[in-house]
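Residue numbers (the working numbering), protein chains in the order written: chain C, 36 to 146; chain U, 5 to 118.
Simulated from the structure, these hints should not be mistaken for laboratory data. Idealized CB from N, CA, C, for every residue including glycine. Keep in mind that a hint or two might mislead.
List of simulated lysine-lysine pairs, BS3-like, C-alpha gap at most 30 Å [claimed, not checked]:
{"no.": "1", "chain 1": "C", "residue 1": "Lys37", "chain 2": "C", "residue 2": "Lys91"}
{"no.": "2", "chain 1": "U", "residue 1": "Lys82", "chain 2": "U", "residue 2": "Lys19"}
{"no.": "3", "chain 1": "C", "residue 1": "Lys77", "chain 2": "C", "residue 2": "Lys91"}
{"no.": "4", "chain 1": "C", "residue 1": "Lys77", "chain 2": "C", "residue 2": "Lys37"}
{"no.": "5", "chain 1": "U", "residue 1": "Lys19", "chain 2": "U", "residue 2": "Lys66"}
{"no.": "6", "chain 1": "U", "residue 1": "Lys82", "chain 2": "C", "residue 2": "Lys77"}
{"no.": "7", "chain 1": "C", "residue 1": "Lys37", "chain 2": "C", "residue 2": "Lys102"}
{"no.": "8", "chain 1": "U", "residue 1": "Lys75", "chain 2": "C", "residue 2": "Lys77"}
{"no.": "9", "chain 1": "U", "residue 1": "Lys66", "chain 2": "C", "residue 2": "Lys37"}
{"no.": "10", "chain 1": "C", "residue 1": "Lys91", "chain 2": "C", "residue 2": "Lys102"}
{"no.": "11", "chain 1": "U", "residue 1": "Lys82", "chain 2": "U", "residue 2": "Lys15"}
{"no.": "12", "chain 1": "C", "residue 1": "Lys77", "chain 2": "U", "residue 2": "Lys15"}
{"no.": "13", "chain 1": "U", "residue 1": "Lys82", "chain 2": "U", "residue 2": "Lys66"}
{"no.": "14", "chain 1": "U", "residue 1": "Lys19", "chain 2": "C", "residue 2": "Lys77"}
{"no.": "15", "chain 1": "U", "residue 1": "Lys66", "chain 2": "C", "residue 2": "Lys77"}
{"no.": "16", "chain 1": "U", "residue 1": "Lys66", "chain 2": "U", "residue 2": "Lys15"}
{"no.": "17", "chain 1": "C", "residue 1": "Lys37", "chain 2": "U", "residue 2": "Lys82"}
{"no.": "18", "chain 1": "U", "residue 1": "Lys75", "chain 2": "U", "residue 2": "Lys15"}
Output of the computed footprint for chain C on chain U, the stretches with three or more beta carbons under 8 Å from beta carbons of chain C [said to hold, decoys possible]:
{"no.": "19", "stretch": "41 to 47"}
{"no.": "20", "stretch": "50 to 63"}
{"no.": "21", "stretch": "96 to 104"}
Partial list, computed: chain U residues near chain C (C-beta under 10 Å) [unchecked claim]:
{"no.": "22", "residue": "Ser11"}
{"no.": "23", "residue": "Thr35"}
{"no.": "24", "residue": "Gln84"}
{"no.": "25", "residue": "Gly110"}
{"no.": "26", "residue": "Arg114"}
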Amino acid sequence: QKEVEQNSGPLSVPEGAIASLNCTYSDRGSQSFFWYRQYSGKSPELIMSIYSNGDKEDGRFTAQLNKASQYVSLLIRDSQPSDSATYLCAVLPGGSYIPTFGRGTSLIVHP
Amino acid sequence: EAEVAQSPRYKITEKSQAVAFWCDPISGHATLYWYRQILGQGPELLVQFQDESVVDDSQLPKDRFSAERLKGVDSTLKIQPAELGDSAMYLCASSLDSYNSPLHFGNGTRLTVT
């Protein structure tokens with residue numbers, strides 16, 4: 036079974052710090068990777084997609100992909116209390132049309 | 005920005021009753037997904053449609069769950085009879101295609117079975 040692993044946390048960081056969220060996946064043929072943010076009681080909302088090795092930046096968010104090591108990470112710079120949420124990693128395994136989600140990492144940004 | 009529409013937002017039902025959820029994907033999105041999310045866990049796929057065809061329903065408990073997308077647009081997920089363990093968030097999502105496009109989620113339906 037193709038798996039996506041995330042540390043459930045919570046990860047606690049002070050306001051203004053960099054939050055680093057990590058995700059590993061089991062299927063080496065995976066090609067598409069997504070990060071979602073989910074506030075308590077709400078549905079997931081897309082933050083970023085990444086398809087190639089390296090970094091992809093969008094505002095305060097940077098996604099990093101390393102296919103050789105089979106991990107994808109999300110960095111949040113200048114963390115704000117409003118960033119407090121669960122962050123879900125989703126992976127589209129190679130040869131599959133079914134996106135698989137990790138269980139999510141809870142992030143707490145304290146003032 | 006276009007959104008995925010879901011209804012109802014909340015549903016409370018007694019066990020053994022029937023319940024139905026509706027989803028209208030973003031216009032032009034060929035792929036539609038129903039996920040179930042239990043508190044503290046990631047979403048788990050129940051069924052995936054490509055247009056009106058089922059791509060995968062291997063995790064759908066077919067003795068009690070059914071899903072359809074008759075005209076390849078909106079979709080209905082039904083549970084009959086509902087069981088206590090069905091209490092969860094039911095999420096509908098759509099994507100432009102099933103190859104590498106991201107999923108866009110609706111607001112979800114919070115189901116409580118008593």
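Hint numbers contradicted by this structure
22, 24
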